[in-house]
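Q: Knowing the structure of chain A, use the given hints to seat chain B on it.
Spelled out from the first residue to the last, the chains are:
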Amino acid sequence: AQTVTQSQPEMSVQEAETVTLSCTYDTSESDYYLFWYKQPPSRQMILVIRQEAYKQQNATENRFSVNFQKAAKSFSLKISDSQLGDAAMYFCAYRRGYSGGGADGLTFGKGTHLIIQP
Amino acid sequence: ETGVTQSPTHLIKTRGQQVTLRCSSQSGHNTVSWYQQALGQGPQFIFQYYREEENGRGNFPPRFSGLQFPNYSSELNVNALELDDSALYLCASSRSSGASTDTQYFGPGTRLTVL
Chain A
274 AQTVTQSQPE
284 MSVQEAETVT
294 LSCTYDTSES
304 DYYLFWYKQP
314 PSRQMILVIR
324 QEAYKQQNAT
334 ENRFSVNFQK
344 AAKSFSLKIS
354 DSQLGDAAMY
364 FCAYRRGYSG
374 GGADGLTFGK
384 GTHLIIQP
Chain B
20 ETGVTQSPTH
30 LIKTRGQQVT
40 LRCSSQSGHN
50 TVSWYQQALG
60 QGPQFIFQYY
70 REEENGRGNF
80 PPRFSGLQFP
90 NYSSELNVNA
100 LELDDSALYL
110 CASSRSSGAS
120 TDTQYFGPGT
130 RLTVL
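Protein chains in written order, with my numbering: chain A, 274 to 391; chain B, 20 to 134.
No wet-lab data here; the hints were simulated from the structure.
Every residue, glycine too, gets a C-beta built ideally from N, C-alpha and C.
Partial selection, computed: residues in chain B whose CB lies under 7 Å from chain A:
1. G61
2. P62
3. F125
Bound-form chain A, shown alone (with noise of 0.2 Å):
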């Protein structure tokens, strides 16, 4: 079974600075998928970046670009120039590629709280 491990309960950064959230990943498939949710505290889990298993390039979204590290299975977020309003509970998930008419569930970890200073 895949697992996914955010080894950070919290972190804390301050305004305009940059911060960098961990997520290792344990799978044993070559194909698959790879997210950052961000979740405030109004619940609702918002997409932040995805990256596919098969693309060597590293995503990047505006402020928030990850490096992927495939033989390393390890998946960290980079949030540039920090704002208030990035305040909240980071999780990565894991999807796998190939469906094979099996559900495609996601597999997040525990979560990153980030907190911004002003």
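A: Positioned in the frame of chain A, the structure of chain B alone reads:
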């Protein structure tokens, strides 16, 4: 915001009762997945519905069941509620082609409290 909606927002039940939670998927999406998120934890996959049939489930007992309707909306039913069922229940919709599923987009969740 995503186009995924869930009802009700909050729900309080007593142990042994049954509950039904509802989810409307985003326009153009044909697949619905349900997750349980206990306090302080990441979401856990319950099951997924595609073409009105369950096409896989996580490690949840049969008293967790669901339905998907022709308009792709979905229900999660939980029978014989236990105290440990208290959690945030999240619904996510996505577009599937049968061979693969696109990114899942989440609704705001239903907070279930079992007393």
